[in-house]
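Asker: Each chain is listed here by its residues.
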Amino acid sequence: DTAVSQTPKYLVTQMGNDKSIKCEQNLGHDTMYWYKQDSKKFLKIMFSYNNKELIINETVPNRFSPKSPDKAHLNLHINSLELGDSAVYFCASSQRQGVRNEKLFFGSGTQLSVL
Amino acid sequence: SQQGEEDPQALSIQEGENATMNCSYKTSINNLQWYRQNSGRGLVHLILIRSNEREKHSGRLRVTLDTSKKSSSLLITASRAADTASYFCATDGNDMRFGAGTRLTVKP
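Just so you know, the sequences run in chain order X and E. Sequential numbering from 3 applies to the first sequence in our numbering. Sequential numbering from 4 applies to the second sequence in our numbering.
The following block holds chain E by itself, in its conformation from the complex (with noise of 0.2 angstroms):
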């Protein structure tokens, strides 16, 4: 199995602004998940993209995959100060994996 690696490490923003994040991954997969983490809590399941799709929306969330490129985006559109959290993307398997994360700042 594999894990995937966001990119950047730390972005901050004003609110109102768009926030991309970014992840890219080494093997195939069937899907590549999205979830966030607010400050000392558990992870939150955002939206999942599977490998025949190129795009999906969920609210203010655009996620983007392509398999060519093994990447995949998350953009938050007109951030708000309660975005505020970490940003995980995960690939699929029997163990689900997951990297470092994007911390996202929205300033009010």
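Only chain X is shown next, with the shape it has when bound in the complex (with noise of 0.2 angstroms):
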């Protein structure tokens, strides 16, 4: 049983198009977060949602959209992809928004290239 499980783990398309990354988690945690790593290793959060509710949004171009479902489930929209998108997506959840030694856990990736 995956606890953070996120598909595709590879997406390569072409520069214009739209894609989607889905993330779920089943580890009854309330928050959710998206992080991009960059070919340096360097990980950047992007979003946070706590319990549907967005509370993170860094400054990600709005081509950028999280889609939040339910609390188990944070989806990663984005439109005219460019080649600088190209990264490895990471989705995370933890048990709650804002309480101390909250621990992360994380999904394998989607490594995503834009040709």
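I should point out that these hints are in silico values taken from the structure, not numbers from a laboratory. Heads up, a few of these hints could be off.
In the SDA-like style, the derived pairs of lysine to any residue whose C-alpha atoms are separated by at most 20 angstroms in a straight line are [as the list claims (entries may be wrong)]: (1) X:K43 with E:L49; (2) X:K42 with E:D10; (3) X:K11 with E:R44; (4) X:K105 with E:E58; (5) X:K38 with E:R44; (6) X:K46 with E:R100; (7) X:K21 with X:K105; (8) X:K105 with E:G62; (9) X:K11 with E:N34; (10) X:K38 with E:V47; (11) X:K69 with X:L117; (12) X:K105 with E:S31; (13) X:K42 with E:N25; (14) X:K43 with E:D10; (15) X:K43 with E:G62; (16) X:K46 with E:K29; (17) X:K46 with E:A103; (18) X:K105 with X:M48; (19) X:K43 with E:E56; (20) X:K42 with E:S42; (21) E:K29 with E:E56; (22) X:K38 with E:S42.
With the hints as a guide, dock the two chains, each given alone in a separate frame, to form the complex.
Answerer: Written out as structure tokens, the structure is:
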């Protein structure tokens, strides 16, 4: 049983296309996140949702739109893909937002390649 | 919120040796966490140290925290080839933030 699962694992697409990455957690956590890891391995937070409510929205182009249909799911939709969007995208979850000593559980990542 | 910055960027050692990685941060924290990332995988939580703790152990891992210097170190003793991975520190807050990690290679 995978705690945080995201699909697809690999995504290769052309510039200008629209794509989605799905994430689901079966841990009963209230908070979910999207992180972007660039080629230098720097891991940067993009969004945070707490119980379906957007909490954090970093300086991310509005081509990126997260959608949380319920607290177990946080999908990431990307419009008009650009070369610079190529990266590995990680979904993560934690039990509660803003609680001290919370640890994150990560999915295995989606490697997005924009050609 | 702030992020941790790991040092060195890369570390290569022989199996059996100890590996020490450092993390620095800029403002006050409630806790600091270390994560491991194997190639092609997500991050896995290793250990959490609270701001009122100075040292914590978990198996072959030893973490220290010096809040006066705003730094932490992760020591892996008697390293194994399976310890080869990237190691990240992250500080607490509503949005846990990470650096670029230390890439550890343990040669058999």
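Asker: Failing hints, ascending?
Answerer: 7, 9, 11, 15, 19
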